Amino acid sequence: GDSVTQMEGPVTLSEEAFLTINCTYTATGYPSLFWYVQYPGEGLQLLLKATKADDKGSNKGFEATYRKETTSFHLEKGSVQVSDSAVYFCALSLDTGRRALTFGSGTRLQVQP
Amino acid sequence: DGGITQSPKYLFRKEGQNVTLSCEQNLNHDAMYWYRQDPGQGLRLIYYSQIVNDFQKGDIAEGYSVSREKKESFPLTVTSAQKNPTAFYLCASSISAGTTGELFFGEGSRLTVL
Chain E
1 GDSVTQMEGP VTLSEEAFLT INCTYTATGY PSLFWYVQYP GEGLQLLLKA TKADDKGSNK
61 GFEATYRKET TSFHLEKGSV QVSDSAVYFC ALSLDTGRRA LTFGSGTRLQ VQP
Chain L
1 DGGITQSPKY LFRKEGQNVT LSCEQNLNHD AMYWYRQDPG QGLRLIYYSQ IVNDFQKGDI
61 AEGYSVSREK KESFPLTVTS AQKNPTAFYL CASSISAGTT GELFFGEGSR LTVL
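Taken in order, these protein sequences are the chains called E and L.
Numbered by the working numbering, the letters in the first sequence go through residues 1 to 113 in order.
Numbered by the working numbering, the letters in the second sequence go through residues 1 to 114 in order.
Watch out, some of these pointers could steer you wrong.
Stated by the list, open to error - With a straight-line cut-off of 35 Å between C-alpha atoms, the simulated DSBU-like cross-links for lysine-lysine are:
no.: 1; chain 1: E; residue 1: Lys77; chain 2: L; residue 2: Lys9
no.: 2; chain 1: L; residue 1: Lys83; chain 2: L; residue 2: Lys14
no.: 3; chain 1: E; residue 1: Lys60; chain 2: E; residue 2: Lys77
no.: 4; chain 1: L; residue 1: Lys71; chain 2: E; residue 2: Lys52
no.: 5; chain 1: E; residue 1: Lys56; chain 2: L; residue 2: Lys71
no.: 6; chain 1: E; residue 1: Lys77; chain 2: E; residue 2: Lys56
no.: 7; chain 1: E; residue 1: Lys68; chain 2: L; residue 2: Lys57
Hints were generated in silico from the structure; no laboratory data involved.
Only a predicted model underlies this, so the values are computations on that prediction, with no experimental measurement involved.
Whole structure, please, built from the sequences with the hints as guidance.
Below you can see the structure in the form of structure tokens.
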């Protein structure tokens with residue numbers, strides 16, 4: 001079945017460090033890909049998305065590129081801040097079948113001042 | 001303000017009791033979803049509904065039930081048949097169930113079985 005695999009956390013970085021969180025997927029078809037962020041005690045918020053191969057999603061300094069050849073959608077940010085500390089979820093959606101998002105297990109990011 | 005409201009935020013239940021979690025949205029979205037979140041396991045889909053009076057099982061529907069009598073409401077009942085109900089429950093909605101649809105999430109309900 002369809003699935004999303006994320007790197008294990010927690011990821012601990014110093015402020016202004018470069019961030020990469022790896023995400024790969026398995027899907028029958030051509031999914032749309034998403035990154036969601038969850039701050040402590042809250043629901044999830046959409047961070048960025050890409051709907052077709054080679055698309056780049058970007059928001060708040062975060063970027064991710066849809067790589068069909070490597071089935072990946074890695075999240076990057078050039079300079080993290082303490083306020084970026086949260087759990088990040090990669091997800092996919094297909095326009096066939098059950099049409100609900102499939103999520104990865106989440107990666108906790110901790111940014112230290 | 002448009003959004004999704006979940007209640008209660010915290011709920012304690014004794015073993016053998018059924019409980020119902022409320023989810024209301026005023027975004028005029030057709031599709032609604034319930035996810036369960038456990039530490040280190042990400043989100044797993046319990047039930048979803050693409051339209052009023054219709055819903056489908058997700059990956060972990062056993063021990064749960066839902067209804068969708070109104071477009072804006074999608075309550076989840078955790079029954080006594082659910083063997084391990086302690087978890088964080090998230091409700092979400094989208095304009096329609098489809099490829100590019102962004103999901104909007106509520107703030108969640110944390111259920112603890114005593």
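Going through the hints against the structure:
Using a Cα cut-off of 35 Å, the hinted pair Lys77(E) and Lys9(L) holds, with the two alpha carbons roughly 32 Å apart. For a cut-off of 35 Å, the pair hint linking Lys83(L) to Lys14(L) stands: about 12 Å separates their Cα positions. With a CA separation close to 9 Å, the supplied pair Lys60(E) and Lys77(E) stays within the 35 Å bound. Between Lys71(L) and Lys52(E) the alpha-carbon distance is near 31 Å, which keeps this suggested pair within the 35 Å criterion.
Taking the CA atoms of Lys56(E) and Lys71(L), the gap is about 34 Å. The hint holds against a cut of 35 Å. Between the alpha carbons of Lys77(E) and Lys56(E) the distance comes to roughly 13 Å, so the proposed pair stays at or under 35 Å and holds. Pair hint Lys68(E) plus Lys57(L) holds up; C-alpha atoms about 30 Å apart against a cutoff of 35 Å.
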